[in-house]
Amino acid sequence: MHEASLVKSLLKQVVQLIREHQAVEAIRIHVRYGPLSGIEPDLFESAFTRMRANYDCVNCLLVLEWCPLIAVCEACLQTFESAELRFDCPHCGSFQIEFTAGEAIILESVELQFNETGTVSA
Amino acid sequence: MSEMYRVITVRRDVQSDVKRQAAEFRELMTRRHTLVVNLISSPGAGKTSLLSTTLQHWKQRFRMAVLVGDIATERDAERLAEHAPAVQLTTGGACHLEHALVWKGWQALGEPELDFLFIENVGNLVCPSSHDLGEHGRVVLLSVTEGDDKPAKYPKAFYTSQAVLISKCDLLPHVPFEMERAIHDVHSIRPSMPIFPVSVHPVAGMEAWCDWLLQQRAQLIHSCTTANAC
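Protein sequence lines, in the order shown, are assigned to chains A and B.
Sequential numbering of the first sequence, starting at 1, is according to this note's numbering.
Sequential numbering of the second sequence, starting at 123, is according to this note's numbering.
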């Protein structure tokens, strides 16, 4: 159920992109997630398969890619990988960090299909 | 007719629209000087009891209301309605509250002028961590009966919160809960996180918890006034 809510948000964005680019449909979407994203990939994929037809994405494939938890320290400005879910900077010890990858679920890209003229058929 | 394919780079948070709506709600509540607090915990940690005791502690002194999230029943809202306006948000199976439901609950309250709006989330220490409800402060409740290892096991719940309440402290003599270990693990995630040991049978620790709420609201009003935003 948790994953279903996130998949719904994802599919709404994909539908918006199809309309903005006047495409026929989305055929592949690339999503990146990480250790703090709070999703179970199998459940996310099954929710996507179950829900995509409701958003005119019946042929759309989901490419789900895991990425490590990366943070930047606001004190010393160094970037580091938080391999063990650490919340302090290994360089200077500060807790003033911001996660730049592996926390949010990111829609990286969408592969869209167009007709010959590049627009939706009338 | 031949087909064309094109890859569009997006690089956008899947939850960006929902987060924007939650942020707009938070700004609205800031302008109205209403501190919104989202209380999260495992099932049975004592959220409803803690809120009931808080409402009674402050009764007649502040304008308060509660939005209560549960998968089923309206029992918690009925219990809290004895002390303040309360609306039940029944998720019908969802394991967490989302901002859209909080917005409906706010409208069901009648969009009143409030000093504090408390949101009691669905009992779940995982999923609520990933959903911004539009709150100013997220508070995680950890009961001594759950074990002192929960901060380490559920880091996102504690990382995304601004305070910790350790509940049912009256039971400490009877459970193997090491307070120092729990505090250490919380501060390994957020070193300045305020931690408030509380109990409701008997009532204890409410002054420090309520003082923190008052400070948060005072800071909210100050920031709003300073920014000339209200």
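The set of hints was computed from the structure by calculation and includes no laboratory data.
Be a bit skeptical, because a hint or two may be false.
Said to hold, decoys possible - Straight-line Cα separation of at most 27 angstroms, DSSO-like style, residue types lysine-lysine; simulated pairs:
1) 278(B) x 12(A)
2) 278(B) x 8(A)
3) 278(B) x 181(B)
4) 226(B) x 181(B)
5) 8(A) x 141(B)
6) 226(B) x 8(A)
7) 181(B) x 275(B)
8) 12(A) x 141(B)
9) 141(B) x 275(B)
10) 181(B) x 12(A)
Claimed, not checked - Here are a few chain B residues that face chain A, going by a calculated C-beta distance under 10 angstroms:
11) 125
12) 128
13) 130
14) 132
15) 134
16) 135
17) 139
18) 178
19) 180
20) 249
21) 251
22) 277
23) 284
24) 312
Quantities reported herein were computed from a predicted structural model and do not represent experimental measurements.
We treat Cβ as the ideally placed atom computed from N, Cα and C, and that holds for glycine.
Right, here's what the structure says about each hint:
1. Of the pairs offered as hints, the one joining residue 278(B) and residue 12(A) holds, with about 26 angstroms between alpha carbons and a cut-off of 27 angstroms not exceeded.
2. Simply put, residue 278(B) and residue 8(A) have alpha-carbon atoms about 22 angstroms apart, close enough for the 27 angstroms limit, and the pair holds.
3. Pair hint residue 278(B) plus residue 181(B) does not hold up; C-alpha atoms about 33 angstroms apart against a cutoff of 27 angstroms.
4. Restraint check for residue 226(B) and residue 181(B): the C-alpha separation of about 25 angstroms stays at or below 27 angstroms, so the hint holds.
5. As the CA atoms of residue 8(A) and residue 141(B) are separated by approximately 14 angstroms, the hinted pair is consistent with the 27 angstroms bound.
6. At roughly 19 angstroms between alpha-carbon atoms, residue 226(B) and residue 8(A) fall within 27 angstroms of each other, so this suggested pair holds.
7. Only pairs whose Cα atoms come within 27 angstroms are accepted, and residue 181(B) paired with residue 275(B) is rejected, the gap being roughly 36 angstroms.
8. About 14 angstroms separates the Cα atoms of residue 12(A) and residue 141(B), which keeps this hinted pair within 27 angstroms; it holds.
9. Only pairs whose Cα atoms come within 27 angstroms are accepted, and residue 141(B) paired with residue 275(B) is accepted, the gap being roughly 26 angstroms.
10. For the hint linking residue 181(B) to residue 12(A), the alpha-carbon distance of about 43 angstroms lies beyond 27 angstroms, and the restraint is violated.
11. The criterion of a C-beta within 10 angstroms of any C-beta in chain A is met by residue 125(B), whose closest approach is roughly 6 angstroms, and the hint holds.
12. The closest approach between the C-beta of residue 128(B) and any C-beta of chain A is roughly 6 angstroms, which is under the 10 angstroms cut-off, so the hint is satisfied.
13. Of the supplied interface hints, the one on residue 130(B) holds, with its beta-carbon coming within about 5 angstroms of a beta-carbon of chain A, less than 10 angstroms.
14. At about 5 angstroms, the closest approach between the beta carbon of residue 132(B) and any beta carbon in chain A falls short of 10 angstroms, and the interface hint on this residue holds.
15. Below 10 angstroms, beta-carbon pairs count as interface contacts, and residue 134(B) has one with chain A at about 5 angstroms; its hint therefore holds.
16. Interface restraint check: residue 135(B) against chain A, minimum CB-CB distance 5 angstroms, threshold 10 angstroms, status holds.
17. A hinted interface residue such as residue 139(B) counts as satisfied when its beta carbon comes closer than 10 angstroms to some beta carbon of chain A; here the least separation is about 7 angstroms, so the hint holds.
18. For residue 178(B), the shortest C-beta to C-beta distance to chain A is roughly 33 angstroms, which exceeds 10 angstroms, and the interface hint is violated.
19. Annotation: residue 180(B) was flagged as interfacial toward chain A, and the flag is violated, the nearest CB pair being 32 angstroms apart, outside 10 angstroms.
20. With its C-beta approaching chain A no nearer than about 4 angstroms, residue 249(B) sits inside the 10 angstroms limit, and its interface hint holds.
21. Proximity of residue 251(B) to chain A holds as hinted, the smallest CB-CB distance being about 6 angstroms (cut-off 10 angstroms).
22. A distance limit of 10 angstroms between C-beta atoms decides the matter here; for residue 277(B) the minimum to chain A is near 5 angstroms, and the interface restraint holds.
23. At a threshold of 10 angstroms, the smallest CB-CB gap from residue 284(B) to chain A is about 14 angstroms, leaving the interface hint violated.
24. The criterion of a C-beta within 10 angstroms of any C-beta in chain A is met by residue 312(B), whose closest approach is roughly 7 angstroms, and the hint holds.
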